[in-house]
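Participant: Go by the hints and put chain B onto chain A.
There are 2 protein chains.
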Amino acid sequence: MKLYGYFRSSAAYRVRIALNLKGIKVEQIGVHLVKEGGRQHEPAFLARNPQGLVPALELDDGTILTQSLAIIEYLESLHPEPRLIPADPVLAAKARAVALAIACDIHPLNNLRVLDYLKDPLGRAQGDVDRWYRHWILQGGLEAVETMIDGGSFCFGDAPTIADLCLIPQVFNARRYKIDLSHLPKIEAVDRQCKALPAFLAAHPLQQPDAEV
Amino acid sequence: MKLYGYFRSSAAYRVRIALNLKGIKVEQIGVHLVKEGGRQHEPAFLARNPQGLVPALELDDGTILTQSLAIIEYLESLHPEPRLIPADPVLAAKARAVALAIACDIHPLNNLRVLDYLKDPLGRAQGDVDRWYRHWILQGGLEAVETMIDGGSFCFGDAPTIADLCLIPQVFNARRYKIDLSHLPKIEAVDRQCKALPAFLAAHPLQQPDAEV
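Sequence order for the protein chains is A and B. Per this note's numbering, residue 1 is the first one in the first sequence, and the count goes up by one each step. Per this note's numbering, residue 214 is the first one in the second sequence, and the count goes up by one each step.
Same shape as in the complex, but just chain A (with noise of 0.2 Å):
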C-alpha cells in the first residue's frame, strides 16, 4: 500500500499512528502542500483524491481510500488488533465522538485551505489568522475534549484509541502554534504518555521523510 501524506498533516499523522500501532508497513509519498501552491491540487493528484486534501491511501489493487478517520475504521476492520476502537458500542461512540470533535470541528477550521482564504480573499492579517487558530483549538475544541476523556495514560482505559490517534497530532498543532496548555491536565497527561511511545514516535511530521525543519 501507499500513503499520501504530508509530514506536517495532522490527519495524515493519524494514519501513520493506526499504521505502526497495527505493524503494517507502506510506501510513504509526500505530497508538499506548500511548494509551488500546493501540489495537493495538481491533476495527478486531484485524480487520486478529488478534494485536493491528505492523507490517501493506495491499496495494492489501486483502489485509493481517502479521510483520516475512513482509512483508520478500514485498517481497523481488514487487521482488528490491536483494536483501536474499542469493543464496547458506548467506549466506541465515546472515542469515535473526541475523534470527530477533533477531526470535524478544530482541525478542518485550521486547515491551511481555510487559513489561505482568511488571508485572501477575507483580507485578514496574521494577528486575526492566528486569534482564529486559537479560537477554533481551544473554545469547543481540546478545553471540550479535556471534559470528554477519562484522562489517565490515554483518553480512554489503558491503550490507545482513535481518541487519542486524533488528540496527539492536534496537541502538536497547538504546541506548534505556541497555544498553552496548561489548562487541560488530563490532555497534557495523556501527550506525555502517548508521544513516549513507538508507534507515536515513529509517526511524529519530524521523523518523515519529507520532513523539513
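Possibly wrong hints are sitting among the right ones.
When the alpha-carbon atoms are kept at most 25 Å apart in a straight line, the in silico SDA-like pairs for lysine to any residue are as follows [said to hold, decoys possible]:
#1 A:Lys-186 with B:Ile-237
#2 A:Lys-2 with A:His-41
#3 B:Lys-215 with A:Ala-87
#4 A:Lys-22 with A:Ala-87
#5 B:Lys-235 with A:Ala-87
#6 A:Lys-186 with B:Ile-277
Think of the hints as simulated: they come from the structure by calculation, not from any bench. Remember, predicted model here, so these are calculated numbers, not experimental data.
Facilitator: What follows is chain B alone, placed relative to chain A:
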C-alpha cells in the same frame, strides 16, 4: 432515548434519518441554537455536551453520546439492520469518506458559530459570509463528493448508507442558501430519490416538532 437537536441542524438531521431507517423511536428535545444567544451555550446543555453542539443522544441510563457520526455508528452496532455502513470494507471506507468529506470539510466551516465569528470579531459583511458559505459547500466539498459517489438511486449501491445520511442534509443547506447544484447531476439524482423516502421525509427539518417557517 432522548435526542437533543434543532430542526435546522444538518448534523441532527443525519441522526434523525438513521433513527427512522432503523425504526428506533426517541423523544426529541429541541435546543434553540439562535434564541437568547443560543441555548446550546447554557450550563444545563453544556453539562450534556461540553462542545455546545447538537445533536446529543441521551440513553435510558443517562449516558450521553455526542457527534452525529459517532451516534450513527452506535445505532449501527445496536441495530445492525438495515445496514448503513456497507459490509464490504472498501465500500464501507468509501461511504464513510463521503460522510466525512461533508461532516469534516463542509459542515463545520459553515456552522452557525463560524459564520458568527466571521461577523464578530472578524467584522465581515453579509456578502463575504455568503461567499464563504458558497465556497466551502462547493469547492473541495460537494464538487468533490460528485466524483466520489457512484450515483444512481443512492451514493453507493441500491440502499442508503451513511453517505446519503450526510449528503441529503447538506443539499438541503445548499438549497436554503440558493446555491445552484445543476452541475452536480449525480448528487441531484440521489437527492431526488432519497428525499422521497418516508425515513428521509419524516426527518426533514420542517417536519420536526421545533420547526419554524
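Participant: Confirm or reject each hint.
Facilitator: So, going through the hints one by one against the coordinates:
1. Under the criterion of a C-alpha separation no larger than 25 Å, the hint pairing Lys-186 (chain A) with Ile-237 (chain B) is inconsistent with the structure, at around 36 Å.
2. A threshold of 25 Å between alpha carbons decides the hint, and for Lys-2 (chain A) with His-41 (chain A) the separation of about 19 Å falls inside it, so the pair holds.
3. About 24 Å separates the Cα atoms of Lys-215 (chain B) and Ala-87 (chain A), which keeps this hinted pair within 25 Å; it holds.
4. Only pairs whose Cα atoms come within 25 Å are accepted, and Lys-22 (chain A) paired with Ala-87 (chain A) is accepted, the gap being roughly 16 Å.
5. Note on Lys-235 (chain B) and Ala-87 (chain A): the hinted pairing holds, with a Cα-Cα distance of about 21 Å set against a maximum of 25 Å.
6. At most 25 Å may separate the alpha-carbon atoms for a hinted pair to count; Lys-186 (chain A) and Ile-277 (chain B) meet this at roughly 20 Å.
Comparing the model with each earlier hint shows a violation of hint 1 alone; every other hint is respected.
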